[in-house]
Amino acid sequence: MAKVRGLLVWIASLAVLLLLPGLFDSVLSLSILNQMGITIIFALSYNMLLGQGGMLSFGHAVYFGLGGFMAVHSLNYIEAEVFSLPVILLPLIGGLFGLLFAVFIGSFSTRRAGTVFAMISLGIGEMIAACSLIFVGFFGGEEGISGDRTMAPEFFGFDFAQDLEVYYLIAGWVFVATLLMYLFSQTPAGRIANAVRDNPERAEFIGYSQRMVRFISFCGAGFFAGVAGGLFAINYEILTEENLNAITSGNVLLMTYIGGTGVFVGPIVGAVLLTLLQTVLSNYTELWQLYVGLLFVATVMFMPAGLTGVLMIHTVAWKNGRLRQLILPYITVGVPAFVLLCAIVGLLEMLQFYRHGVVGEHEMTLFFVSVDTSSVWPWIVTLLIAATAGYLVKALTPRLLSAWASANAPLERAKT
Amino acid sequence: MVEIVIFSTLNGLVTGLLLFMLASGLTLIFSMMGILNFAHASFYMLGAYFAYSVSLFLGFWPGLIVAPLLVGVLGALVERYGLRYVHKSGHVAELVFTFGLAFFIEELVQFAWGKETKNYQQPEILDFPLFTLFGQNFPAYKGFMIFISIAIFIGLYQVITRTRIGLIIQAAISHPNAVSSLGHNVPLIFMGAFGVGTALAGVAGVIAGPVLTTFPGMALVLGSIVFVIVVVGGLGSLTGALIASLLIGLLQSYAIALEFAVNDLLALFDISFDADHFLNDLWTLSLPQIAPVLPYLLLVLILIFRPTGLLGKRET
Chain A
1 MAKVRGLLVW IASLAVLLLL PGLFDSVLSL SILNQMGITI IFALSYNMLL
51 GQGGMLSFGH AVYFGLGGFM AVHSLNYIEA EVFSLPVILL PLIGGLFGLL
101 FAVFIGSFST RRAGTVFAMI SLGIGEMIAA CSLIFVGFFG GEEGISGDRT
151 MAPEFFGFDF AQDLEVYYLI AGWVFVATLL MYLFSQTPAG RIANAVRDNP
201 ERAEFIGYSQ RMVRFISFCG AGFFAGVAGG LFAINYEILT EENLNAITSG
251 NVLLMTYIGG TGVFVGPIVG AVLLTLLQTV LSNYTELWQL YVGLLFVATV
301 MFMPAGLTGV LMIHTVAWKN GRLRQLILPY ITVGVPAFVL LCAIVGLLEM
351 LQFYRHGVVG EHEMTLFFVS VDTSSVWPWI VTLLIAATAG YLVKALTPRL
401 LSAWASANAP LERAKT
Chain B
417 MVEIVIFSTL NGLVTGLLLF MLASGLTLIF SMMGILNFAH ASFYMLGAYF
467 AYSVSLFLGF WPGLIVAPLL VGVLGALVER YGLRYVHKSG HVAELVFTFG
517 LAFFIEELVQ FAWGKETKNY QQPEILDFPL FTLFGQNFPA YKGFMIFISI
567 AIFIGLYQVI TRTRIGLIIQ AAISHPNAVS SLGHNVPLIF MGAFGVGTAL
617 AGVAGVIAGP VLTTFPGMAL VLGSIVFVIV VVGGLGSLTG ALIASLLIGL
667 LQSYAIALEF AVNDLLALFD ISFDADHFLN DLWTLSLPQI APVLPYLLLV
717 LILIFRPTGL LGKRET
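The listed protein sequences correspond, in order, to chains A and B. So the first sequence is residues 1 to 416, counted in the numbering used here. So the second sequence is residues 417 to 732, counted in the numbering used here.
One chain only, chain A, in its complex shape (with noise of 0.2 Å):
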């Protein structure tokens, strides 16, 4: 039963990776698409790292970056007529290009978890980025290096010209890396990688290498980061040396820690959420980043399990049947919760306009509402609901607490 249902869920995630084009066929949304696409296979390759084997990276760009351009500098190869070979296997040269440096790389840095992995990782990013400015032939400097896919042989009659194209060929990558991961993580060796995290002593002591397994998961992470930066060397056509410094290793961390490191989908949540943040709501506002740092400080202070663990830890009302009690106090709580959220973005937002907008303007657009900033009201305004939220929200979380304890409170036996 639970094997149909988990062949019912790949199905089905194929079937939506293969319609969803269709409602959303707009170019712009297109390329949305195709980001999201590779930011779940790099996510989900960190999260093997992180969330499986408890290593924290913070240089997990280096394989994502080397990967892209080794499958970039094949894409002008191709074009050169040195080998030829179809586009659609250009992100196995980059993930086999990734694995050679993980197992390099990985052949001394896993030897321990914890800070020391950290620090090594952080070392060796900051290295190769540097590197990349040195080694202009490789890395082609600050223009990057660039190619051209359409030069390669046509597969079947597609040359990749078109982004939809690309989004079959991204999604079809997808779908065969995330099941691929999916399944490590199901092996032996995946399971004893969630034994290493948890205690490295135990698993040595029923006969296990902690620094073999560390390896062996750590190559895994290095082959599919390097397979994403192949998918992103397709799609972009470019990379450059941002594509692996620290800012993208920052950045790899902040999705997955957000989506959720405990549960397989965490990442992808955090991918797709990411990637939405980005393209999405830069076009609103210029403080995006400031919201993405509240965001991922606030998910680390309260919610450590990530927006998929805060789902997951519902499991136990759910299955005990007690959802339902938990609904009206989260709406209590939940909607002065929003309305104070809102506030706050509306002041930051005001402040923001006041201070670095248009001289001679104060009129402006904040949640469909037309506001001088000029004038003191809105200030008061929104300060007044921003307290009265809060307040409300102080005042009724216990509530919503003793609904959340005798709703996980275990079962009380039927008497016999």
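No lab work stands behind these hints: they were computed from the structure.
Label-pair distances were calculated between CB atoms; the ranges are:
(1) 298/A / 474/B: 27 to 37 Å
(2) 539/B / 201/A: 53 to 63 Å
(3) 370/A / 507/B: 44 to 54 Å
(4) 204/A / 529/B: 43 to 53 Å
(5) 370/A / 608/B: 42 to 52 Å
(6) 481/B / 394/A: 34 to 44 Å
(7) 528/B / 370/A: 24 to 34 Å
(8) 89/A / 608/B: 58 to 68 Å
(9) 394/A / 599/B: 31 to 41 Å
(10) 279/A / 598/B: 51 to 61 Å
(11) 528/B / 321/A: 41 to 51 Å
Listed below are the simulated EDC-like cross-link pairs for lysine to aspartate or glutamate, each with C-alpha atoms no more than 20 Å apart in a straight line:
(12) 534/B / 523/B
(13) 531/B / 286/A
(14) 504/B / 198/A
This one's a predicted model, so the numbers in the text were calculated from it and none came from an experiment. Idealized CB from N, CA, C, for every residue including glycine.
Once you've looked at the hints, dock chain B against the given chain A.
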């Protein structure tokens, strides 16, 4: 050649001592709480920005006092209401929290002060050449930087080795559980150490702001280098941090000043390559080019071969 050596040494000393001011606080925090504070350099940046804002109204000198105090209070608050809360989720969560904080502070600084570089100037009193050697001026402000850093090192060293609080801190570094068993309020000590550590970063920011320019990316520039120093110097060792800071400072200033390339080395053996050789980048590699790589190379090598750092007694 003598000219290059003297000025490289002086510049290396200035950079190294500045790095030490950042690293001293970080190494205190790291050795006591086991947290590598990613946001440490962000507090350094806040120091520079606070001092800039103060200097607009009151001039440079009040900023030197007010800004570090503000940063220290902010740091203590972050420890009390942020880190202590995250602490129960484990070390990885703490590391991720400080990472998020660094990201957040950078965005906050851009929100509050804008993206452009601030015109934060050194005080006019110190705007004269301290001495002139081989026709080059050595600015008095750099002398001032050296003076402040050395004063902080001596002061901190005295506090840690000679006072009662210093004794407790030293004990908390090596045996935190025993110290709390003896009835000392370890969380309070942690908060205090975090506050003082970030305040020191604030001092570094106030002093470095006018020289290294005050802009939203200034934390990112120094952020990772400070880690290198703490790890290389060794856990909880103030002297180790000083040695590592000077080492990194001198390494970088010498690497930038000495124009040796791989070509020159190969020329000694009468080997030369065509300029269009596909490994040309490798033959023309020069010391100034690899200067930014050196600290990280040192970090990785130390972590592999000597995880305790130069003077540390415990592994990181």
